[in-house]
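So the sequences go chain by chain: A, B, C and D.
In short: position in the first sequence from 1, add 32, done, that's my numbering.
In short: position in the second sequence from 1, add 3, done, that's my numbering.
In short: position in the third sequence from 1, add 2, done, that's my numbering.
In short: position in the fourth sequence from 1, add 3, done, that's my numbering.
None of these hints come from the bench; they were simulated from the model.
Among the hints, a few may not be true.
Here are the simulated DSBU-like cross-link-like pairs (lysine-lysine), alpha carbons at most 35 Å apart as the crow flies [said to hold, decoys possible]:
no., chain 1, residue 1, chain 2, residue 2
1, B, K154, D, K172
2, B, K78, C, K460
3, C, K36, C, K24
4, D, K233, D, K249
5, D, K114, B, K231
6, C, K75, D, K65
7, D, K132, B, K248
Computed footprint of chain D on chain C; a stretch qualifies when at least three of its residues, placed anywhere within it, have a C-beta under 8 Å from a C-beta of chain D [stated by the list, open to error]:
no., segment
8, 70-82
9, 264-273
Even for Gly, the Cβ is constructed at its ideal location relative to N, Cα and C.
One letter stands for each residue in the lines below.
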Amino acid sequence: MATTVHEPPKIGPVRGAKTARGNGGWNLVPADGDLRVGERGSPPPASVGVWVGMAAITMSFAAFTSALIVREGASSDWQHFSLPSILYINTVLLLISSFTLELGRRSVARVMSRSQDQAKAPPLWFYVTLALGVLFVAGQYVAWLKLKSEGLYLATNPSSSFFYVLTAAHALHVCGGLGGLVRVIRKLRRSDLRRSTLDATSYYWHFMDVLWLYLLMLLWSKM
Amino acid sequence: MAKFFAITIVVIAIASAIPIVMHMWPMPQDISVHGPLIDEQMADTMAEAGISFLAAQFILAAFIWMFSNRSREAKIRRFPGGAMGLVIAAVLLVGTEVLALGVFGTKAWAAVYFTPPSADAMPIQVQAGQFAFYFRYPGPDGKFGTIHPDKIDEANENFFGLDLTNDPAAKDDIVAAEMAIPVNKEIHLLMHTKDLGHSFYVRELRVQQDFVPGLDLSLHFTANKIGKYEIVCTQLCGLGHYNMKAYLEVMSQDDFNTWLKQQAANQ
Amino acid sequence: MHDMSTHPAQHHHTAPTSFIRKHVFSLDHKVIGKQYYGLALIAVYIGMALSWLMRLHLGWTNLAIPGLQWLSKTGAPGGVMTPEYYLQLMTMHGTIMVFFVLTTAPFAGFGNFFLPIQVGAEDMPFPRFNMMSFWITFVAFIILMTAFFVGDGPPLSGWTAYVPLSAIGAAAGPGQGLGQILWAASIATFCIGQLLGSLNFITTTLDLRTRGMTLMRMPLTVWAWFITSCMGLTAFAVLLPACILLILDHVAGTSFFIASGLVVNGALVPHSGGSTLLWQHLFWFFGHPEVYIAIVPGVGIVSHVLITNMRRPLLSSKVLIGCMATLAFLSYVVYGHHMFVSGMNPFSGLVFSFPTLIITIPATIIVLIWIGSLYGSKIRINSASLFALGFISMFVSGGVSGFFLAQPSLDIYLHGTYFVVGHFHMVMAVAALFGIFTGTYFWFGKMFGRMMNETLGKIHFWLTFVGTYAIFMPFHYLGFAGNVRRYQAFVDDYLQPLIPVHRYITVAALVTGAAQLIFLYNLIHSRFWGPIAPENPWEATSLEWITTSPPPFDNFGGKHIEVFHDPYQYGIEGSTNDYVMQNSPEQIHTERDEK
Amino acid sequence: MRKRHHFVVTLSVVVLICCGALFLSRDVNAAGEGTITGTVKLTGTAPHMRGIDMSKDPFCVKQHENNPAHLEGVVVGQDNGLENVVLYISEGLSGSAASETPKTVPVFDQKNCMYTPHVLAMDVNQSYKVTTSDQTTHNIHPNPNPMTGNIPWNVSQPPGSAPITKSWKAEEVAIPVQCNIHPWMHGWFVVVKGPYATTDDSGKYTIENVPPGNYTVTAWQETYGTQTSKVTVAAGTPATADFTFKAK
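Just chain A, with the same shape it has in the complex (with noise of 0.2 Å):
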């Protein structure tokens, strides 16, 4: 709300009379009481909602979690099973994508705070961290097909199907993540990227590695 100007606030006439009790229980400040809002700016929404996203998808996932633990624990019929080995390629992957994104995220920071004009052309580590995520998707892919030579199915049993299930859900985010980096390589190029959308694709990519890390936790001590 930078982009206007506005007077400091008159003072109006002060009324001596008495206001009613208990007015809601909160002190008045008189004027310009929280400028948090303001010329100084508040975090702008993108990074705020990227948190508040983070809170659901977490959520999603506890739930899935719950739910296999207590599947597990409901009947005697779970079949354990070696996790596909290229899963561990595919998380050193990953974890090399969010630490290129990292990269390129700070040599535009640069640019950004050096002057108003921003990075014309996106740094080439966001095409690596492109190539490296769709390699990451593809890998899972790779890893499903292991499973299904092995004769797992997604209905083979309780634990073959919450590894589908858990993968995919994870999978699908990376997509999205993808699409968020597509989407910054897109505004870079016609430079009207804001620093905070490029913060949140970041923090979310870096969310993906985080929970992709947990999930393989999860899936290594329980298949």
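Start from chain A and add chains B, C and D according to the hints.
Chains B, C and D only, in chain A's frame:
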């Protein structure tokens, strides 16, 4: 308008209370040993809930009556005690109230669920299925034959999927479509469901328990009044849910023995 | 600093011109709010029609309802409802009402329209998400409706869709095949829509408050919507996975919920080892917060309207907010009280029982704050305030029956009877609807630029208020008599004598339902021919009243809002008007200042 | 003018003759069709059919106060005649004879909480009627084998509600029918191609309208399965095929 509204609230409140006070649709007479605890608890709760209901509605009505459509000049007056007073009052009054209810309620709950059935309790198995109950008595050997779901064949009345050729325990099991129990004898009811979630509800026994697929629960109770009562299903189980019922006959020990002989003969 | 100081809300400041962008795929939170409200309106009348059919059938079981056979030939041959069709209608009634009325209208509908305005924002931070949120919800509604017309109709497993009934498929009963899948798909879609909505609500509240709008200066409605969206964010995020697992059990042959060795309709079910209670836990972990998602916005709206019409602030808004937050929090730790007799460990029954009883404390405080604030106030009687006061009465009536159901020992007797039906209709359905009516009569002018007809409004109120008591109080009595719910006919011997009561309820329901047509007429008529609404018809103080009715595209016409006061500066004496707008810079002396 | 007159007359004469010919030929055809008759008996002691406990539904109990209901897996009538056996032609039918579907509509009634008849035979695509004579709601739930292409259905019939008319589009011996509301209610739909018959309480049956030829007749009994025998049908004289099932 406002005064009329206040009156309406009072009238509705009283009208709502009358059927309760007059016992127009009372709970049926209790026939179980643990029942009195529940009934007592019900009465206490009714008293407390009723009082708070009437009090709240009356005060609401009174204030609407007193303070609506006042002149613009009328002064806004402050509620004596203010918010904090109310909060403290609420926490103390309601807090102690619900705490008391909770503590005493626990007694009734414990009477049903925390006490193990006595050693000489009579085991009866009830199997729920769309949309009927079937009851099984272990017979002379006192052992239930194992249930083989793949052997369940209603067309030939093998409701429990018993293996009558190979399973000695199953041979003398007595299966009936109604439940008969001797009076003043503790019953240990083993609950099994054939297909979906159902529930076992006998108003007079003050007993309600769901059947959970894949999870065999058990109940125990003692009926102390002879008579014929209805067992109904209270867990939505499909199109015949409303018609899923059976009869519970509480008999004297002798009548029960003869009844059991009859059933044995029908097998 | 091109980005830090500006908000995306300002990035679509030029109002759209094309009809589609303006009224259909609009990014404007106000249009989206109206769209949600419209959806709820359609849904609520469908749901009401369903309840009429159900009531008729319960009163006169073999009654041929003319025309019903056109809705479903097999479901109602010659207009006589079959048992399965009754249950199917019941399921749809519950699902439509809970999801597409009680969640959409007070939360998504009014919230979308007024939350940004009341915090002085120009729009939601993520308008595209906001638009998607509505259209996804709309798709969910369409999916649910199609269930009426496919295969053997909608599912019959109730709005709780307990497994394995809902997971096994067509063998379990009519509608349990395709119908049930559509149901689960619809609810899953709905969850996504509401998650996007909640995301917007929370971010708006935290982020887009205008200059001077401290958290403690937000109107109570904003607080209510904020708390609700926090609940929505967590609750729907749990229901979504649950629905996915249900669909997989249904179509992909997995066994999350279906136990071993089930023989349904003479055939052994090919699943094994699933946990029946797992669904109930997941569902009710969503389900109980959902109850508060329905009622908390009502609490906010009612407080907002009451204060305006009492011409004084509440005794303590802080306490009210605290109570709403407590309710929200407790709703997650009490959900087990829906499962007292469903085979949980009896000890956990106790564990869930106490917090449930504790909930009555914040609820009581809320009521006491309202009643206490009524004391010594200057109540203005109009349709809005009547419904607000009616809400209090309903909230109390529905609340006290909670005393019973909170205790497992009494739940043994009352669980699964009409007592429960009476309880949740009173406290959740009717109370929430009263909240919606309150909001409608209060804000209609602001939303549509024309005032509603007060006389019709009052007639509507009297019929509804008396009618709902006439319908739902007897439900409790039936419950004490042990009348089991979800029965399409009362064939049990002990239920025969209760049939007259059901007939009476049916009549009451028909009349009260008819009264809602007055409301519909009032809405439509006022929308087009009502008197033009002034900017601030109720002499209210919060920000929605400083702009035109209806507000311009950017809410305040580019004018910059600065907030100097708490939202509810009423009862200020010694001047022509007894209130001070939230954005007026004049200073007020309170006794607190003098101390 | 006269010419046209002639033409009209001849045309009408020709038409008349053709009609007559058709009419007569139809007669001749019918006269040419034979029948297969016989008896189905049971040897050995019939298994004990357990009584049915209907105490779940007071209405049903009342209906059977004096005539207790029994299972109907094996129903033996006078001199060991086996009831509810379906006989049909499993081989040798010419396409036309197999394809034509009778116009009669067999009725499957729900009476006293039992299915009457217990076994209902019908032709492919022949429409049949399900009625209820009881004052309690019934539910009809046939479960055909999914492989056959017959579609299962599941509908309730409240007291006094209209009959349900349906038909099966594929041959299937036999489709179990049950009432979900009354678990003991079980019956059978037997869907066959071509002429069929069901034995009466004395085990007798007659398959009508069988064109002359050599056939294999199959007898189906729900408990004992099927038996076949070869018969030759000549115009006029009824061929006989008797069957004997052995009690296990």
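To see whether the hints hold, each was checked on the structure:
no.	hint	verdict
1	B/K154 <-> D/K172	holds, 31 Å
2	B/K78 <-> C/K460	holds, 27 Å
3	C/K36 <-> C/K24	holds, 12 Å
4	D/K233 <-> D/K249	holds, 19 Å
5	D/K114 <-> B/K231	holds, 27 Å
6	C/K75 <-> D/K65	holds, 32 Å
7	D/K132 <-> B/K248	holds, 29 Å
8	70-82	holds (count 4)
9	264-273	holds (count 3)
Violation of the numbered hints given earlier is absent; every hint is satisfied by the structure.
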